[in-house]
Structure formats: C-alpha cells, structure tokens
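Enquirer: This is what each chain is made of:
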Amino acid sequence: MATVELKGVRKVYGGGVEAVKGVDISIADKSLCVLVGPSGCGKSTLLRMIAGLETITHGTASIDGRVVNEVGPAERDIAMVFQNYALYPHMKVYDNMAYGLRNRGMKKDEIDARVKRAAETLELSALLDRRPRELSGGQRQRVAMGRAIVRNPKVFLFDEPLSNLDAKLRGQMRVEIKNLQRALEVTSVYVTHDQLEAMTLADQLVVMNGGLVEQIGKPLDIYEKPASTFVASFIGAPPMNLLGTVTGGKGAPLTVADLSDLGLSVPPGTTTVGIRPEDIEQGDHAGEGLKTRLTVEAVEPVGAESFLHGTANTHRLVVRVPGRSIAEPGAVLPIFAPRAKLHFFDANGKRVEG
Amino acid sequence: MSPRVTFPNKLLPYLLVAPQLAITLVFFYWPASQAIYQSTLREDPFGLDSAFVGIDNFRRVLADPNYVNSIQVTVIFSIATAVLAMAVAMFLAVMADKVVRGKGFYRTLMIWPYAVAPAIAGMLWLFMFNPSMGTFAYMLRSAGIYWDPLLNGPQAMFLVIVAAAWKQISYNFLFFVAGLQAIPKTLVEAAAIDGAGETKRFWTIIFPLLAPTTFFLLVINTTYAFFDTFGIIHAVTGGGPGKATETLVYKVYNDGFVNLILGESAAQSVILMVIVIALTAIQFRYVEKKVHYG
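Respectively, the protein sequence lines represent chains A and B.
Taking this note's numbering, the leading residue of the first sequence gets 1492, the next gets one more, and so forth.
Taking this note's numbering, the leading residue of the second sequence gets 228, the next gets one more, and so forth.
What the hints contain is simulated information worked out from the structure, not anything from laboratory work.
Do not rely on the hints blindly, as some may be mistaken.
Derived pair list, reagent style BS3-like, types lysine-lysine, alpha-carbon separation capped at 30 Å [to be verified]: (1) B:Lys427 - A:Lys1645; (2) A:Lys1521 - A:Lys1832; (3) B:Lys325 - A:Lys1599; (4) A:Lys1498 - A:Lys1607; (5) B:Lys427 - B:Lys325; (6) B:Lys325 - A:Lys1607; (7) B:Lys470 - A:Lys1583; (8) A:Lys1716 - A:Lys1607; (9) B:Lys237 - A:Lys1599; (10) A:Lys1583 - A:Lys1716; (11) B:Lys412 - A:Lys1512; (12) B:Lys427 - A:Lys1583; (13) A:Lys1598 - B:Lys427; (14) B:Lys412 - A:Lys1498; (15) A:Lys1498 - A:Lys1841; (16) A:Lys1498 - A:Lys1521; (17) A:Lys1841 - B:Lys427.
Examples of chain B residues toward chain A, derived with CB under 10 Å [claimed, not checked]: (18) Ala262; (19) Gly274; (20) Ala323; (21) Ala370; (22) Thr413; (23) Val415; (24) Glu416; (25) Asp421; (26) Lys427.
For each residue, glycine too, the CB sits at the ideal point set by N, CA and C.
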C-alpha cells in the first residue's frame, strides 16, 4: 500500500544536540522494517519524525512517494502504537478505537462495522464496554493495536510497543504482531531496543548507533555478516566475542598481544577478531582456525543450552554449548573456531572481508 | 491496603491529634455552637437583656425580602466568580503549557496576584474603576459606556465579580498547570495522529482528563466566593448600591455587627453554614464519582 523513504534525514534540537545525523532508509511496500539500537541512538526520534510528531531539520521523509515534511500527523495516513499505549483513560475501549474514525467524519454504521471487525481480529469483542484501567497490560496492548488497525492506514508505526509487557506475553504478542502485519499487508516501522524482537520481526533490519545507521539488511544477513563491531556486539545474545588488539599483515600469522599460538592468517588491517559463542567448538581440531584454551569461570545452564563464561589468556570469551555442560568452573578446555566462522574488523570497527 | 499503624501507648495518638482538635474546637465548633445558641435568642443591642425565642429568628430571616435578595445576589456572585476565575485560569494554563522558553518565569508572574490580600485586591479594582478618578472608568466612559458602579447595581456586581475572580485566578492557574502536566504527552500525540485538531483535542481529551482538578477547584472556588470575598465586597461596594452586592456573608456582618440585630444575624450564619455543608456534600456525593479515572 505504501513505501516509506527517508533521505538524508537529520534532527538537530534547539540546544545544538544532533539526535539523528543523516539517515537514508527506504522501506518497501508491505514490509516490516525494524529500527534497533541502544537508548539514545535516535531510533525513536526517527520514528516520531515519520509520524510527524517531530519536525525534520534536514532531509526529507516521503510516504508513498509524497514528501511529508510539512504534512501534519493526521494527514499522513499513519497509525502509531505507543510504548505506554496512550489509551484515552476516560473512554471505553469502543470509543478509544472509534475516536480516530469519528474525527474523520466517518458514518456511524461504518465505524461500528470497522470497530467490531478489528475487535474480533484482536479478540477484544467482550471488552468493548470496559475502560482502559479495567484491562490487563496485554489487553491494553491489543486495544492500542486495534486503534491502529481500524483506521486502515498506509503505515503502522510501533514505538517499543512490547516493552511494558512481561516476557511471556511479549513473546506471544510478538508473534501476533507479525501475523497481523502479514495478514493486513501494511508497511510498518517498528522501533525496539530488544535485539530478539528485532531479529524475529524484521523483514528489513536497521541497526542504529549514535544517530547514524550502522547497517541495513535482512536480519540473518546482518547476523552472519555484521558490518561493524557495534552491530556484532548488539545483534545476538549472548553477544559476539570480540578479541581486540590483534595486529598482523597480509598472510602473516596472527599475533595477538597475549593470545598466541593461533595458527591463523587474517586479512590486512584487522585489529579485532570476532567469534559468535555458538561457533566455538570444544576439543582439539585440525584445520585453520582459532585454537586456544578456555579457563571456565562460570557455567550458565539455560536448559536447552549452556553458556560457558571464561578467559583465554586475558580475553573474556562466552561459549555456547548445546544441552548441559559437564564443565565445572575452574576447568581448562581446548577450544577451536574454524576460520570460515570468524569475523574480522579494522581499527575503525568496520568489517574486513577475507 | 497498607498495614494499620498501631500505637502501644493509648494516650499518644490523642496527644498527636490534640493540636488539630484544639484548633478545630476553639475556632469552629465553639463559635458554631455559639451561633446556634445565639440564633435562638433575641437580644437588645446593648446586650443587657435576652430572651429565648426558639426558631422565631429563622422565621423572620426567611420572611425578609432583603434576605431573599441576598440569596439571589450570592448565587449570581458565586457562580459568576467561580466560572470566570476557573475559565480564565484554565485558558491561561493551557496557553502557558505551550510556552517553551521562559516557562518558569511566565508561571511565577501568573502566580503573584495570589499573594495580594483580598481587601487590597478590592482597593486596586476600586481605584481602577472609580467613576471619578479610575483609569478604566475613564476609558469606559470615553468608549460611550455610562460607568457608575456607585449608583448602578449590575455594574457594581460586575466589578466585585471581576475583582473576586481576578484574585482567585492565580490559585486556579497553579492547579490547572499541575493538572495539565499530569496528562501524558503521548495521549495528546495519539489524538493528533487520530485526526483531532487543537480545539477538538482540548474538549475531547484534555478537558475530560482535567476534570478531577476542575472539580476540586469548583469546591474551593465556591467556598471562596461564599466566604472569603467579604474583604473585597467590603472594600469595593460595602454591599451597595442598594444591597445590590450584599452577599449572605456580608449581610451576616451588616446585620450583626453594624445593625446589632444579633439573634437574626446568628440565624443567618447558621443557615449559611447549612448551605455550605450541603453544597460540599452534594459536590462530593454526585460530582466526584464521575470525574476520577484510573
């Protein structure tokens, strides 16, 4: 139904603080784009600029090919789900959902039909006469969703909609949002700081840091080929192990300050080597790769898998082991990471292929 | 429910509430009971002789056309003062809420009039609108309005209402500003996305959510208009011209302390007390239920 285009978008506040420092994103029709990053990275500001709640200092935002910089939030044909839901506390669920339609002068029976249909989709039919304070967190979340979908907008905007829910409900709602978005085929922009939410929901993932885009791509592409050490450490839980202070030239054996005996060649310019916790194998292996010994310091059994926290020389490492781990704190294990699974980054933290 | 605090000492709780009780007893219950006692007596102006007359004083008061007039005056005065003071304060608060730069400075200025004593506030307005030397009176007259609150009853009423309301605006403003700050900003943003213009947002979102504050101020302002405006009326019109601004409180004072009809004056204050208790009870019983949201 609509595409969203951001071109050179910047946000500078009155005091000279630059929250967004030039962002280009193009979001395809019917896709779900997730903006992810730590707090203060500018992702919410960006979303609010798309919504029209913040002015755009430089650059343009377009919805469906129309530049909307000077268009008010009501005329952009968007719907937004807020973190605190922003339900009108003095209105019943029905009126909360009908409010936007009434303001647009829609006929009563059309409003009624739309609200009832949305309520059915979200299993809210029994709650239409309640007030928000009589609802649980999950139900409020649904009403907020309902208020967005009755409008049948061009674009959905989600501002950390699940962060006020408990973990179980969050997982449930995540799936529901995904299904709903698929079913309605509405272009969506979703802001979160939770990398799991980002990975599972996104068609297109945008990792942001310090007001800039670090990487844009499909979630698994980003996971497999993080463009920078920031992305590498932000996407994935537990995060990628980053071994710094690596020096070495082309074809030369890797010489790490205190991590020796690796028997590994790295691309030129590499200063940091990254390894995902699940890419580390136990035992002595043949072949090119990173070989070292891990002194286990702590074991975290999560059930289906266990995390071994330890040090290899002075480098801290986390290793993901399937099932239960028999290792006890204090044990010294030989570990191995094949070269093909290693990530290399230069002094600026940018990815180096090789 | 928080657990009840219990005192091991039986005497301590009474000691702790004693100052409050003493003040209430000395300054409310004692005078109130005196008023009730006095209202059943008829006394000569010199206090030399008094006789028990039962409810005769009340009969006389309620049959007095001046008293009925005073009730009318009070109703008009109180409603007008409360509505004017609250409407203007709400308007100013909504406007002040939009100010970004110098917010604190702006608010401080708005709060100052509250520090002015009622009688002085009355005098200020009296001077400004004095037909012979007031600036505003001059402006009104040059605008073709025959302005003379000393002889014209409605004009005198208008003057005391404006003076009394002006005094209360700062107080109301303070509460409305606090009330507005308690409304989450995202609600207003959600309404903006939902296609509500500024006026519509005010009436459908902000005004209903301010209702608890508005209700509280309604109680306070009604009580203020009934009792605390004595100073303003005394300074500006003295109840005149021709009893046009003689509110119930002013009549109590006039009859009791000026005309020395002590029994009837006491009867009036008892009636006044009943009216205010009833008003507050009604407000809390019926209105409060409808204005509180979770």
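Enquirer: Looking back at the hints listed earlier, which ones does the structure fail to meet?
Expert: Hint check: 2, 3, 4, 6, 7, 8, 9, 10, 17, 18, 19, 20, 21 fail, others pass.
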